[in-house]
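These protein sequence lines map, in sequence, to chains R and D. Under the numbering used here, the first residue of the first sequence is numbered 1, with each subsequent residue one higher. Under the numbering used here, the first residue of the second sequence is numbered 1001, with each subsequent residue one higher.
Please note: incorrect hints may appear among the correct ones.
[Stated by the list, open to error] The calculated DSSO-like cross-link candidates involving lysine-lysine, where the alpha carbons are at most 27 Å apart (straight line), are:
{"hint": "1", "chain 1": "D", "residue 1": "K1057", "chain 2": "R", "residue 2": "K5"}
{"hint": "2", "chain 1": "R", "residue 1": "K37", "chain 2": "D", "residue 2": "K1069"}
{"hint": "3", "chain 1": "D", "residue 1": "K1069", "chain 2": "R", "residue 2": "K5"}
{"hint": "4", "chain 1": "R", "residue 1": "K71", "chain 2": "R", "residue 2": "K103"}
Hints are computed from structural coordinates only; laboratory data are not their basis.
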Amino acid sequence: DQQVKQNSPSLSVQEGRISILNCDYTNSMFDYFLWYKKYPAEGPTFLISISSIKDKNEDGRFTVFLNKSAKHLSLHIVPSQPGDSAVYFCAASVRAGGTSYGKLTFGQGTILTVHP
Amino acid sequence: EAQVTQNPRYLITVTGKKLTVTCSQNMNHEYMSWYRQDPGLGLRQIYYSMNVEVTDKGDVPEGYKVSRKEKRNFPLILESPSPNQTSLYFCASSLYPPPGGEQYFGPGTRLTVT
Chain R
1 DQQVKQNSPS
11 LSVQEGRISI
21 LNCDYTNSMF
31 DYFLWYKKYP
41 AEGPTFLISI
51 SSIKDKNEDG
61 RFTVFLNKSA
71 KHLSLHIVPS
81 QPGDSAVYFC
91 AASVRAGGTS
101 YGKLTFGQGT
111 ILTVHP
Chain D
1001 EAQVTQNPRY
1011 LITVTGKKLT
1021 VTCSQNMNHE
1031 YMSWYRQDPG
1041 LGLRQIYYSM
1051 NVEVTDKGDV
1061 PEGYKVSRKE
1071 KRNFPLILES
1081 PSPNQTSLYF
1091 CASSLYPPPG
1101 GEQYFGPGTR
1111 LTVT
């Protein structure tokens, strides 16, 4: 049972345009969400995160939006650059006190390709 | 340099032959975790450890064992590997458990079981 889903396996965008990567979750206990970026032959690296008490978090060109009622989050990259081409994973966790504290649940990943 | 190291990076083995993938971090992190990455399934957590001698099952622990006898090391043990454990494995560590700490991932170990 996939509790975190990224339904788009791939996304292709022109350099300079906006990239929007989507993620849905089913477990209402999740209260913290993260995005990781992965280049080939490397481990994932942390990109940006958001707590369930917020609906938006911004860090430079990267913005994450959270819609709790829809159990949906999205990562916006503006403007997109060729170096952003990678696999993007969203992940969800429960903060301290929850029975699943310490677990991190990932989605399937979306391959982003930014064309020059 | 702060890093998570895994060994070996590549391994081809046969069904039933016990193997260990080592993971070591030099950042004095409390939390360590193992994941496997498979096409269409993303990253799935196998086991995690909050601290020395404290380990817990992730979402796919069957067929794996771990131990945490020292803070820096968190080996993954496959007692009797099977072909369905062919995968790309990542070890990660963070100062605090997620989401409190940013996780640092190792470079990955590609395992093939024939």
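Okay, the hints, checked on the actual structure:
{"no.": "1", "hint": "K1057(D) to K5(R)", "verdict": "holds, 21 Å"}
{"no.": "2", "hint": "K37(R) to K1069(D)", "verdict": "violated, 31 Å"}
{"no.": "3", "hint": "K1069(D) to K5(R)", "verdict": "violated, 35 Å"}
{"no.": "4", "hint": "K71(R) to K103(R)", "verdict": "holds, 19 Å"}
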